[in-house]
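Visitor: Chains as they are written, first to last, in UniProt numbering: chain F, 1 to 315; chain L, 1 to 304.
Source of the hints: derived by calculation from the structure; they are not laboratory data.
Note that this is a predicted model, so its numbers are computed, not measured.
Worth double-checking, as some hints may not be accurate.
Quick list of simulated restraints, FRET-style, between CB atoms [unchecked claim]:
(1) F:R87 / L:Q169: 22 to 28 Å
(2) L:G134 / F:N167: 52 to 58 Å
(3) L:Q169 / F:G106: 41 to 47 Å
(4) L:R129 / F:F90: 24 to 30 Å
(5) L:L78 / F:A50: 52 to 58 Å
(6) F:T36 / L:M145: 17 to 23 Å
(7) F:A78 / L:P222: 53 to 59 Å
(8) F:Y113 / L:M145: 42 to 48 Å
(9) L:P222 / F:G276: 42 to 48 Å
We treat Cβ as the ideally placed atom computed from N, Cα and C, and that holds for glycine.
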Amino acid sequence: MTLTAPAEPATPPRTAPARRLRDRLSPYAYVAPFFTLFAAFGLFPLLYTAFVSLYRVELQTPGDMEWRGLGNYTALLADEFFWTALRNTFTIGVLSTVPQLVMALGLAHLLNYKLRARTFLRTAMLLPYATSVAAATLVFAQLFGRDFGLFNYVLGLVGIGPIDWQNGTLASQIAVSTIVIWRWTGYNALIYLAGMQSIPSELYEAAEMDGASRWRQFLHVTLPGLRPTILFTVVVSTIGATQLFGEPLLFEGSMSGGISHQYQTLGLYLYEQGWGFFHLGRAAAIAWVMFLLILVLVGANALVARRRNRKEAGR
Amino acid sequence: MTTLADPPATSQAPPTARARRAPGRPRRSRAGRTMKAGPLAYAILGVAVLFSAFPFYWTIVAASRSNADLASVPPALLLGPHLIRNFEAVLAEADIGKALLNSLIVSGSITLGTVLCCTLAGFAFAKLRFRGRGALLAVTVGMMMIPPQLGVIPLFMLIAELGWVNQLQAVILPGLVSAFGVFFMRQYLVQSLPDELIEAARVDGASTARIFWSIVVPIARPGMAVLGLLTFMAAWNDFFWPIVALSSSEPTVQVALRQLGGGYVQDQSVIMAGTLLGTLPVLLVFVLLGRQIVGGIMQGAVKG
């Protein structure tokens, strides 16, 4: 707390003490609506999750809580589907995040050129962002249909397939990742574009005078300049990937994420435990595991970024 | 857009310093690189646009076909004659009319409430001095990094306790909590509202409330509009919490879409017609105001 007492000059003598008190308290009235809601619907549930995860709580009788200690967690660790979901979350996360960010970087680079119809192109890239998870997934589920889907038809034209996009493990995970990539690539491209536009052009001029090719300029000017932006998108995408839920739920409409749970993510597993099997306590334990996972992943990202920076500074 | 293009990661730390520098020296004039795009760049961007737009086009095609058309090889790629009939089937099977109305109520209330709450709090954080300001702001920014879905179980127990399950306020009230919105409005006001204006009004004897309504709100309006657009789209498209808190008797559009896709309806063309109906309103907003939305995202919007 660095900003404590008001640092204003002495108040004019005609100001009554009552008014001064009001001025002192009134700022709190402006933050009160937000923080009241925040405490009730944001902070409290978040903290209370840890508490709930130590109890047996059933969906039908959420008022009855029976102490279970770490029972929910040990049950989780003994459930093979938990491990499947953890593994799927990881592979789908990598399959969706890496191509998405690489493509976004390339598109942002192109969008940064002097372009005709610049606004149109940017807006068109962002179009998928306007759809909901539900709508996008239902559309892609049909495009990925095994017998009459458009993707398999096109693949058939070049002599591949048909691929069973729902039942194959890798195939179904690629399909789910494709939905994520489609929805978020344009969004990330715009974030990168904003970052690129704040890189001073003197740096490029200097690089050009040193005879650096465009590719080297991209490697040695653009990428370092974008580092904070890239870290930001990696963190946001990691959090998004950890919670992936709507896409696997709607891909064919079951909570189990396919017949052999081949694309069930942790988010979907949480929903299945809580609202499919009514075990809210168990679901809370999954939420807590997801939270720890995010902390670890974000922490690892920050660590890598910091080590990079230090190495960079040492050169 | 002037100098707002930095990502939040960097703009968090020195906003005031940057803001002070901004009016006198337009930093952006020498920033960025503007090389001319060649044909290859246009070709790649064109392909990307096609990929972005194709699923929308195909949704319209599929919604205008019969189910038999969709189960044929080669797949349908041109418009068919059944659009109206499929819309009628959707309305009959899933009460999409009610879902659309509910979505409108929910998204509208969330948008109004969020914009108001966040402008109030953002103003206080940007321009008022009070004990605990730094700590409260730090908590708010910190919460942006924590996904709200992690609190969904106690939140459900809370609304069950209140008897709100399957009622729209169960979706509206938690939707008003937007740490991102507070941060966004704070950044906006730090940069666009000069301190001198507030001081002058104070000298004239205006109360803080008066200052808020007659100075802050008019200046904040463009920022409020962008926040409103982003909030509306996010609320309209929200999926996880509505399917937990609401049921098929009181659905939002997304909940209704899940029913369509979840096996009640087997007719694929009807599912696509429903998807089209659920997407149209927000698509319309996007087509009309896409430029503002792009600007808002480039100012550093966070997912969600």
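Visitor: With 52 to 58 Å as the target window, see if G134 of chain L and N167 of chain F comply at their CB atoms.
Guide: The hinted range 52 to 58 Å holds for G134 of chain L and N167 of chain F, with Cβ atoms some 54 Å apart.
Visitor: Taking the CB of R129 of chain L and the CB of F90 of chain F, does the distance hold inside 24 to 30 Å?
Guide: Between R129 of chain L and F90 of chain F, where Cβ atoms are some 46 Å apart, the hint is violated.
Visitor: Taking 52 to 58 Å as the stated bounds, is the beta-carbon spacing between L78 of chain L and A50 of chain F within them?
Guide: Given a distance of about 55 Å, which is inside 52 to 58 Å, the answer is holds.
Visitor: With respect to the beta-carbon atoms only, verify the hint that R87 of chain F and Q169 of chain L lie 22 to 28 Å apart.
Guide: For Q169 of chain L against R87 of chain F, whose Cβ atoms are near 39 Å apart, the range 22 to 28 Å is violated.
Visitor: Confirm or reject the claim that P222 of chain L and G276 of chain F have a C-beta distance inside 42 to 48 Å.
Guide: The hint (42 to 48 Å, Cβ to Cβ) holds, given that P222 of chain L and G276 of chain F are roughly 45 Å apart.
Visitor: Note whether the CB distance of T36 of chain F and M145 of chain L lies within 17 to 23 Å or breaks it.
Guide: 22 Å, holds
Visitor: Falls inside 41 to 47 Å, the C-beta gap from Q169 of chain L to G106 of chain F?
Guide: 45 Å, holds
Visitor: Between Y113 of chain F and M145 of chain L, is the Cβ distance one that fits in 42 to 48 Å?
Guide: About 33 Å separates the Cβ atoms of Y113 of chain F and M145 of chain L, which means 42 to 48 Å is violated.
Visitor: Taking 53 to 59 Å as the stated bounds, is the beta-carbon spacing between A78 of chain F and P222 of chain L within them?
Guide: 55 Å, holds
Going down the numbered hints, you'll see the structure goes against 1, 4 and 8, while the others check out.
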